[in-house]
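Read off the chains here:
Protein chains: 2
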Amino acid sequence: MVERRKPIKVNEAISRVMNFATSGKVEYVPIEDSYGRFLGEDLIADHHVPPFDRSPYDGFAIRSIDTIAASSANPIELEVVGEIGAGSVFEDTVTEGQVVRIMTGAQIPDGCDAVVMFEVVKEFENDNKSFIQLKRNVKSGDNISFTGEDTKKGTSLVRKGTFINPGIVALLATFGYKKVPVSKKPKIGIIATGSELLGVDEPLQPGKIRNSNAFMVQSQIIRAGGEPIYFGQFSDEFETCFNQVANALSQVDILITTGGVSVGDYDYLPEIYNKLHANVLFNKIGMRPGSVTTVAEIEGKLLYGLSGNPSACYVGFELYTRPIIRTFLHHTNAFLKKEVAILGSDFPKPNPFDRFVRGHLTYESGRLVATPVGLDKSNVVSSLAEANILIVLPGGTRGYEAGMEVSVILLEDQEGTTIEKFTTMDVNTRRSQRKYD
Amino acid sequence: MVERRKPIKVNEAISRVMNFATSGKVEYVPIEDSYGRFLGEDLIADHHVPPFDRSPYDGFAIRSIDTIAASSANPIELEVVGEIGAGSVFEDTVTEGQVVRIMTGAQIPDGCDAVVMFEVVKEFENDNKSFIQLKRNVKSGDNISFTGEDTKKGTSLVRKGTFINPGIVALLATFGYKKVPVSKKPKIGIIATGSELLGVDEPLQPGKIRNSNAFMVQSQIIRAGGEPIYFGQFSDEFETCFNQVANALSQVDILITTGGVSVGDYDYLPEIYNKLHANVLFNKIGMRPGSVTTVAEIEGKLLYGLSGNPSACYVGFELYTRPIIRTFLHHTNAFLKKEVAILGSDFPKPNPFDRFVRGHLTYESGRLVATPVGLDKSNVVSSLAEANILIVLPGGTRGYEAGMEVSVILLEDQEGTTIEKFTTMDVNTRRSQRKYD
Numbered sequence: 001m002v003e004r005r006k007p008i009k010v011n012e013a014i015s016r017v018m019n020f021a022t023s024g025k026v027e028y029v030p031i032e033d034s035y036g037r038f039l040g041e042d043l044i045a046d047h048h049v050p051p052f053d054r055s056p057y058d059g060f061a062i063r064s065i066d067t068i069a070a071s072s073a074n075p076i077e078l079e080v081v082g083e084i085g086a087g088s089v090f091e092d093t094v095t096e097g098q099v100v101r102i103m104t105g106a107q108i109p110d111g112c113d114a115v116v117m118f119e120v121v122k123e124f125e126n127d128n129k130s131f132i133q134l135k136r137n138v139k140s141g142d143n144i145s146f147t148g149e150d151t152k153k154g155t156s157l158v159r160k161g162t163f164i165n166p167g168i169v170a171l172l173a174t175f176g177y178k179k180v181p182v183s184k185k186p187k188i189g190i191i192a193t194g195s196e197l198l199g200v201d202e203p204l205q206p207g208k209i210r211n212s213n214a215f216m217v218q219s220q221i222i223r224a225g226g227e228p229i230y231f232g233q234f235s236d237e238f239e240t241c242f243n244q245v246a247n248a249l250s251q252v253d254i255l256i257t258t259g260g261v262s263v264g265d266y267d268y269l270p271e272i273y274n275k276l277h278a279n280v281l282f283n284k285i286g287m288r289p290g291s292v293t294t295v296a297e298i299e300g301k302l303l304y305g306l307s308g309n310p311s312a313c314y315v316g317f318e319l320y321t322r323p324i325i326r327t328f329l330h331h332t333n334a335f336l337k338k339e340v341a342i343l344g345s346d347f348p349k350p351n352p353f354d355r356f357v358r359g360h361l362t363y364e365s366g367r368l369v370a371t372p373v374g375l376d377k378s379n380v381v382s383s384l385a386e387a388n389i390l391i392v393l394p395g396g397t398r399g400y401e402a403g404m405e406v407s408v409i410l411l412e413d414q415e416g417t418t419i420e421k422f423t424t425m426d427v428n429t430r431r432s433q434r435k436y437d
Numbered sequence: 001m002v003e004r005r006k007p008i009k010v011n012e013a014i015s016r017v018m019n020f021a022t023s024g025k026v027e028y029v030p031i032e033d034s035y036g037r038f039l040g041e042d043l044i045a046d047h048h049v050p051p052f053d054r055s056p057y058d059g060f061a062i063r064s065i066d067t068i069a070a071s072s073a074n075p076i077e078l079e080v081v082g083e084i085g086a087g088s089v090f091e092d093t094v095t096e097g098q099v100v101r102i103m104t105g106a107q108i109p110d111g112c113d114a115v116v117m118f119e120v121v122k123e124f125e126n127d128n129k130s131f132i133q134l135k136r137n138v139k140s141g142d143n144i145s146f147t148g149e150d151t152k153k154g155t156s157l158v159r160k161g162t163f164i165n166p167g168i169v170a171l172l173a174t175f176g177y178k179k180v181p182v183s184k185k186p187k188i189g190i191i192a193t194g195s196e197l198l199g200v201d202e203p204l205q206p207g208k209i210r211n212s213n214a215f216m217v218q219s220q221i222i223r224a225g226g227e228p229i230y231f232g233q234f235s236d237e238f239e240t241c242f243n244q245v246a247n248a249l250s251q252v253d254i255l256i257t258t259g260g261v262s263v264g265d266y267d268y269l270p271e272i273y274n275k276l277h278a279n280v281l282f283n284k285i286g287m288r289p290g291s292v293t294t295v296a297e298i299e300g301k302l303l304y305g306l307s308g309n310p311s312a313c314y315v316g317f318e319l320y321t322r323p324i325i326r327t328f329l330h331h332t333n334a335f336l337k338k339e340v341a342i343l344g345s346d347f348p349k350p351n352p353f354d355r356f357v358r359g360h361l362t363y364e365s366g367r368l369v370a371t372p373v374g375l376d377k378s379n380v381v382s383s384l385a386e387a388n389i390l391i392v393l394p395g396g397t398r399g400y401e402a403g404m405e406v407s408v409i410l411l412e413d414q415e416g417t418t419i420e421k422f423t424t425m426d427v428n429t430r431r432s433q434r435k436y437d
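Here the protein sequences line up with chains L and G, keeping their order. For the first sequence, counting from 1, position 197 maps to 197 in the UniProt record's numbering; every step adds exactly one. For the second sequence, counting from 1, position 214 maps to 214 in the UniProt record's numbering; every step adds exactly one.
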């Protein structure tokens, strides 16, 4: 007899999964390996920036008081008493009528309170001494980058959990993080199921297809920030299957299986959950694709039963697994960014279920435009390649027209958003007041 | 005497650099390592998708002709003569009055031309035989995914040079790419210059700062798709410097130095270019930050003299080095995406030079909004952390107001754009007709 399952809403499914979200540990990596990881602690300034008053240009450090009378009609002459390369320090105090040649980044010498650039002075020699001629007066503080003007010592500059981009790497170096505290990656196991699956290097056989989900999910795990561990394909035999799952579970933080979760006669997963005494959080969601997405929990560890259908598998991962990975990484905005866009083409076929349609986001004159890609049959693999968004189309009795506002989920986004914003953001389906042209 | 340099326009600098763009070789990596690389050849379908007519659901494969008379008033009964799991093939031909139980993804048996889902039939047993009762008629082709309906064999599905995302990994697996042809990464050397630079693990000293550019550029190279090789910090002594550059050059495809390119007395790079008989493409650009960005060429190999100033270094890399890296990777859209956004806050200070202001892009009601981050002094490191765009502000005598349209360059984008679009796109500075609210 076929099992009857009761579908729950997407937001309810998210909420049930997130009850089991945990944060992982912190480890240290060399700064060279920190790009693309997530900060394990707040990034703190260990000194003022700049650490001293310094010159932002090549020029001459001067005393502004000496220049009060200077003008085109009355050029003044000042003696160059030394020079400071970046990284050097001028040991004396500069006194009346003196200037010091100074390089970009060098510390302003004692006595000086401004810098004039090379271009505004005339240099000359006289009696074996160097001088500059200046035809304008200078205000105290001109062309000086002051101590702490950018950042005060002790400031928390970047929050724990932030994705480390090149700018953050620069900050880490500036503040002496030779070793960087980063969030440990969750280990995520993958098991592919399905007796129809061939290995990627096997020739095609009647009735069979190559296993693509395992490799796709592996890439999604990497993109989300996790560490994938592929356990291979399931055996067809129940006891062996069961042992494979139990064994894999013991080695990972999260386990993903693909396929085997529908109500077909060959789908072992429900039975395996039973035998493991797993707490099944849900096994049916009112969404397309991915309605059979199943999540179970054993002693706080999550088991994802993603669909064997590539698109359903993809969507199930991004909606329910990614936020768990990002939370493990201490990322505050664990959910993919959700924004409003204009639908770029008609999508006439109505569907009673909420749909997550693969789409491509473009910008047109500063507006977001979302265009569905491919046929959007749930077994169409190729449209996944082009997709950089999922277009959220709430279920109903009518289709959608170009020009309507829709919600879109940004797949390549690193910033993310909170669960509150992700689950409560209006999915506008009203016709845009100003039709897009 | 100070050298006088003649600044050129940004687009002219890009065009001079791109004259020396070359494409790299192709190598093969296991599919597991292909995510995030760039396709070295077009991805070709090695078979139809689906490879055979198959069932998209669990259900019963039937002959539609048998159901013509079926209705609620006149339910028909059909005998279940076998079952097909996904991956199996039904060996016989189905004849009148017969159906076959079929699992999702399995091949439609000979004789059948439609599938009915479990939910619409009633199953029963009689005389040790299995039957279904059906109360509606079915059209030929119902619930069948037809051979090649998604993709025809031989189709080029993804173009050479495309960034490999998880969807493309799924395609690679589907079409048997156990080893994936990917573009070889260009080896990019980095040398940091500046006697003011401390190592990241050294304590601060008067007048000195820690070297952050080398690590930042290293991350930018990785993000762009290259392979960074860090050669360390320059010596202060000219001959040693020269030998370090010459030695590094021989080991890389592209060499980047940071610092040492202004007209200061301690800036050795110009002299090194001379001694190497390098062809200096330009050493001054009418832009801020990054005006001293220098690019030279020796026997087709590019030497980048990026500014020692972190922001200038960052911008110089993204504008002039990244497209060279992406071209090496066979990426057609080698330039960062440039789009129109609404300026999110005033930027009142005018500047005669074209500026590339670090900013943060957000979406508000489906529109792109660009907000400058930090003080935007060119030495402000911290604003780089938050930046996900560069706001392009053409030079002029007036500042910019919130609500104006501006061009923005998307730093985290993987899709990119062509040189034509990047360099000819209008940088609108007119006030937006509809002020943003």
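Hints are computed from structural coordinates only; laboratory data are not their basis. A few of these clues could be false.
You can't tell identical chains apart in this list, so a pair holds if it fits in one copy or across any two.
[Unchecked claim] List time: in silico DSSO-like cross-link candidates among lysine-lysine, alpha-carbon distance up to 27 Å:
no. : residue 1 : residue 2
1   : Lys122    : Lys6
2   : Lys284    : Lys160
3   : Lys122    : Lys135
4   : Lys275    : Lys135
5   : Lys349    : Lys135
6   : Lys139    : Lys184
7   : Lys9      : Lys349
8   : Lys337    : Lys139
Cross-check of the supplied hints:
no.: 1; hint: Lys122 to Lys6; verdict: between (85 Å within a copy, 19 Å between copies)
no.: 2; hint: Lys284 to Lys160; verdict: neither (35 Å within a copy, 39 Å between copies)
no.: 3; hint: Lys122 to Lys135; verdict: within (9 Å within a copy, 100 Å between copies)
no.: 4; hint: Lys275 to Lys135; verdict: neither (89 Å within a copy, 38 Å between copies)
no.: 5; hint: Lys349 to Lys135; verdict: between (76 Å within a copy, 25 Å between copies)
no.: 6; hint: Lys139 to Lys184; verdict: neither (52 Å within a copy, 54 Å between copies)
no.: 7; hint: Lys9 to Lys349; verdict: within (21 Å within a copy, 51 Å between copies)
no.: 8; hint: Lys337 to Lys139; verdict: neither (48 Å within a copy, 42 Å between copies)
Hints 2, 4, 6 and 8 from the earlier list are contradicted by this structure; the remaining hints agree with it.
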